[in-house]
Amino acid sequence: MKQSHRWLLVLLFMAGCMAAGLLVARPHDPLALLPALAVLAACFSHKMPGGLRAFLVGLILLAAVPLAGLRNTFLFELGIQVGMAATLALGLNIVVGMAGLLDLGYAGFFAIGAYTWAIFGSPQAAAFLPAGNFPLPGWPYFYLFLGLAMLLAAGVGVLIGLPALRLRGDYLAVVTLGLGQVVRLLANNLDHPINITNGPQGITPIGRPPVDWLLRILAGLGSPVSPATGYALFFYLLVLLVAAGIVVVSRRLDRSRFGRAWVAIREDETAAQCSGVSLLKVKVLAFATGAAFSGVMGAIFAAKQLFVSPESFTFLQSITVLVMVLLGGMGSIRGVILGAAAVTVLNIEVLKNLSDFLNHLRQAGYVLQLGGWTYDFSRLPSQLEPAKYERMVFGVIIVFMMIFRPGGLIPERRHRLELEEHP
Amino acid sequence: MLGCVYAMIALGYSMVYGVLGLINFAHSEIFMIGAVVGAEVLRHMTPLGLHPALSLTTAVCTAGIVSALTAGTVERLAYRPLRRHGTVNRLVPLITAIGVSFLLQDLVRLIEGLWHNEFYLNYPSYPEIEKTIVLPFGAEIQIKALIVMAVAFIMMLSLTLLVKKTRMGKAIRAVAEDARTASLMGVNPDAVISRTFLIGGALGGVAGVLFGVMFGQVNPFVGFVPGLKAFTAAVLGGIGSVPGAMLGGLLLGIIETIGGTYLPFLTNGAMGTEYTDIFAFLVLVLLLLFRPHGLLGRHVPEKV
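Taken in sequence, the protein lines are chains A and B. The opening residue of the first sequence carries number 1 in my numbering; numbering runs sequentially from there. The opening residue of the second sequence carries number 1001 in my numbering; numbering runs sequentially from there.
Rather than coming from a laboratory, the hints here were simulated on the basis of the structure. We put the CB at the ideal spot given by N, CA and C, even for glycine. Don't take every hint at face value.
[Said to hold, decoys possible] DEER-style ranges, computed between Cβ atoms:
#1 A:V350 / B:T1073: 23 to 31 Å
#2 A:Q201 / B:L1266: 22 to 30 Å
#3 B:F1215 / A:F128: 29 to 37 Å
#4 A:L144 / B:G1216: 46 to 54 Å
#5 A:V350 / B:L1054: 42 to 50 Å
#6 A:S275 / B:R1180: 27 to 35 Å
#7 B:F1215 / A:A131: 43 to 51 Å
#8 A:A244 / B:M1185: 54 to 62 Å
#9 A:L370 / B:H1116: 21 to 29 Å
#10 B:A1053 / A:P205: 54 to 62 Å
#11 B:T1073 / A:N353: 27 to 35 Å
#12 A:D29 / B:C1061: 53 to 61 Å
#13 B:E1140 / A:Q201: 35 to 43 Å
[Claimed, not checked] To give an idea of the interface, some chain B residues facing chain A are shown, with a C-beta separation under 10 Å as derived from the structure:
#14 I1023
#15 V1092
#16 L1094
#17 G1099
#18 V1100
#19 L1104
#20 Q1105
#21 H1116
#22 N1117
#23 F1231
#24 F1281
#25 F1290
#26 P1292
[What the hints assert, rightly or not] What the simulated footprint calls covered on chain A by chain B, stretch by stretch (three residues with Cβ under 8 Å from a Cβ of chain B suffice, anywhere in the stretch; the number is not a length):
#27 166-175
#28 178-189
#29 391-400
Modelling step: build the complete structure from the supplied sequences, incorporating the hints.
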C-alpha cells in the first residue's frame, strides 16, 4: 500500500513534467492544455507532500504557462480569469465557509474596488472633482490604489457589517442581497445629480500601470513581445502574486485565533458567545477580510478590462462566486481554488465551445443519422446556446451539491464532521 | 394596486417561512411562472375571439394551478430530501432555494426560447379593461386596476378563511407553531408543508398574471425584483403572519407609489423614479436592522 502510494507520486511527478513540456511544445492545441489542467487538479484535490505540490504547481504556473502563453495569450487570459475567480472565492470562503455568514452581495465589494480605480485612473474623476490632474498616472498610483481599494472595500464591509451582522443567518443573506443591489443601482444611477460613475455607460478608458520594465526584460532575454502580450503576462503574474498572497493569508487566518472563533460561531453561535467569543467583532472581521480580497481584485479587474459598467456586478456574479465555494467545499482552501478553476473553465471553455460547436453544426446543416432516426441540425433552434444558460448550470450544481454532497468536492475536515455526524 | 400584487406574493413567502423557517427564494420564480403561463394562455386564447373576462379567468386559473404544481414539485424534489438528511445547518436549504430559483429562471427561458424562439412575452391589451372610470370624489381608475384589486382581495379573503376556519388551516398553524408537537398530535408535517407550498404557489401564480395584466410585458427574469420587494413586504408586516403579509404588501405598494411620485419634486428633479428601487431595498435593510419582527409579528427569542 505504502509502496504503491510512492509509485503514484513518482508517476504524478513525471506526468507533471510531461504535461508542462507538452504545453510549451504545443501552445495552440487545446488538447495539450488538458494534461496540465489535470495535473493541477490532482495537486489540489489529493493529499501529497507539500514539496511535490509546490514544485508541480510552480512548474506549470510559473514556467510552462508563461512560456506557452507568450505565443498564445489565451492561456494568460484563462489564467487571469481563474486567478481572479480563485481570489474572490477565497474571500467569500472566509465569510461563508469559515464564519458561516451567507453573503449574497459579494459582487458589491468587487464593484467598490473596481470603481475606486476606474474613477481615478480615467478622466472620469475630473467630472466631479474641481482640482487635480486626472487620469492619475499608472505609476505609482495603480499600486497605491490596489491598497486603497482593499481598504475602502474593507471599510464598507465594516460599515455594513456593524449593523447587519447583528441579524440571524437568513436575514443577513437578504440584507446583503439588498445591499449588493443598492451598490449596483447606485453605480447605475450616480451619473446625476453629480456624475460620479457615468451611469449605465460605464467608465472607459481606464489607465494601466506601465510595463516597459517587463518588455525590456523580455527583450533582454531574446524574445521581444508586443505591448498587448506584455500586459497579458503582467496581469497574469500580478493576479498570480495576489492570489498566492491571499492563499497564504487565508491559511494563516484559518489556523489563527480568529479562524477557530469563526468555526465556533458557525457551529453554534450561542455556545461560542458563552465561551467568550465576541460575536460582532469576529463576524465583522470575517466580513471585512472577504470584502478586502474582493476589493483588491476589483481594482485589478478594472485595469485589466479597461472598462467597468454596472452590468459586471450583478446578483449572478455574487452567485457565481458562491457556486465556486459550494462546489469546492465550504471552508476548504484547496477545494475552493479547485471549485473556482472548475467553474471558470466550465464557463469560458466548455459552455462556450459547446455553443460554438452547436452553431457550427447548425450553419453547416449537418444531418445526424442514428439507426432509423435522423436529425437535421439546421432546424436546431438558435435559442439553444449552452453559453447563455449558465444560471441553469449553476442552479443544477447548487441543488445537487446541497442534496448529495453538502460538504463540497473536497470537504473541509471540521465541516464534514458537522454535516455528516448528525442524528 | 401594485401593493395587492406584493401582498399576494408576500403571503407565499410568509406561509413557507411560517412552517419551515425558510426564506424560499424560489418563490419569486413561482410568481414569474404564473406570469409567463398567463401570457401563454392569453396568447393562445386571443385569436379565438372570446370575451376578455373568459380569457382572463382561464389565464388566472391555469397560472394558479401550474404555479401551485411547480411549487409543490420543488418542495418534493429539492427541500424534502434536505429535511430527510436532517442537517441543522440553516444555510443549506437557503442556498438550495437560490439554486432552484436560478434553475427555474433558465428552464422557463429555455422552454420559451425553444417554443417561440424568444422569451419576452406580451400580454394582449383588451380595450374593455383599459378604460378608466370615475369614482366618487373625482378619482379616476382603470378598470383593470379594479379587477386586479378585486381578484387580490378575493384570494386573500379566501386564504384568511382557509387558515382560520378549516381543519387544514388549523394543521398549518399547528405545524408553524411547533412541527414536532404537531406530528405527535396526528398531523403529518410533510403533507402540511406540501399543501402550504401549493397554496402559496397558487397565490404567487395568480399574482403573476395580475402583474402581467398591469405591465403588459413579462420575461423569465421578471420575478427577481418583485420577489425581493414582496419579501420586504412580508418582513414589514411580520414574517410568518398572514394578515401581516397583506398589510405589508399594501403598505409597501403605497410607499413606493408615493415615493416614486414625489421624489422628483422633493429633490428638484435631481433624483427621479429610478431611485425608488434603491429606497425599497433600503426600507428592507433598515427594517431588518431595527424591527426584524415586523409590524404585526411577534418577537420570538432565540431558543437554545
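Comparing the hints with the structure gives:
{"no.": "1", "hint": "A:V350 / B:T1073: 23 to 31 Å", "verdict": "holds, 29 Å"}
{"no.": "2", "hint": "A:Q201 / B:L1266: 22 to 30 Å", "verdict": "holds, 27 Å"}
{"no.": "3", "hint": "B:F1215 / A:F128: 29 to 37 Å", "verdict": "holds, 35 Å"}
{"no.": "4", "hint": "A:L144 / B:G1216: 46 to 54 Å", "verdict": "holds, 50 Å"}
{"no.": "5", "hint": "A:V350 / B:L1054: 42 to 50 Å", "verdict": "holds, 48 Å"}
{"no.": "6", "hint": "A:S275 / B:R1180: 27 to 35 Å", "verdict": "holds, 28 Å"}
{"no.": "7", "hint": "B:F1215 / A:A131: 43 to 51 Å", "verdict": "holds, 46 Å"}
{"no.": "8", "hint": "A:A244 / B:M1185: 54 to 62 Å", "verdict": "holds, 59 Å"}
{"no.": "9", "hint": "A:L370 / B:H1116: 21 to 29 Å", "verdict": "holds, 28 Å"}
{"no.": "10", "hint": "B:A1053 / A:P205: 54 to 62 Å", "verdict": "holds, 58 Å"}
{"no.": "11", "hint": "B:T1073 / A:N353: 27 to 35 Å", "verdict": "holds, 33 Å"}
{"no.": "12", "hint": "A:D29 / B:C1061: 53 to 61 Å", "verdict": "holds, 58 Å"}
{"no.": "13", "hint": "B:E1140 / A:Q201: 35 to 43 Å", "verdict": "holds, 38 Å"}
{"no.": "14", "hint": "I1023", "verdict": "holds, 5 Å"}
{"no.": "15", "hint": "V1092", "verdict": "holds, 5 Å"}
{"no.": "16", "hint": "L1094", "verdict": "holds, 6 Å"}
{"no.": "17", "hint": "G1099", "verdict": "holds, 3 Å"}
{"no.": "18", "hint": "V1100", "verdict": "holds, 6 Å"}
{"no.": "19", "hint": "L1104", "verdict": "holds, 7 Å"}
{"no.": "20", "hint": "Q1105", "verdict": "holds, 6 Å"}
{"no.": "21", "hint": "H1116", "verdict": "holds, 9 Å"}
{"no.": "22", "hint": "N1117", "verdict": "holds, 6 Å"}
{"no.": "23", "hint": "F1231", "verdict": "holds, 6 Å"}
{"no.": "24", "hint": "F1281", "verdict": "holds, 4 Å"}
{"no.": "25", "hint": "F1290", "verdict": "holds, 9 Å"}
{"no.": "26", "hint": "P1292", "verdict": "holds, 6 Å"}
{"no.": "27", "hint": "166-175", "verdict": "holds (count 9)"}
{"no.": "28", "hint": "178-189", "verdict": "holds (count 8)"}
{"no.": "29", "hint": "391-400", "verdict": "holds (count 8)"}
Hint compliance for this structure: no hint is broken.
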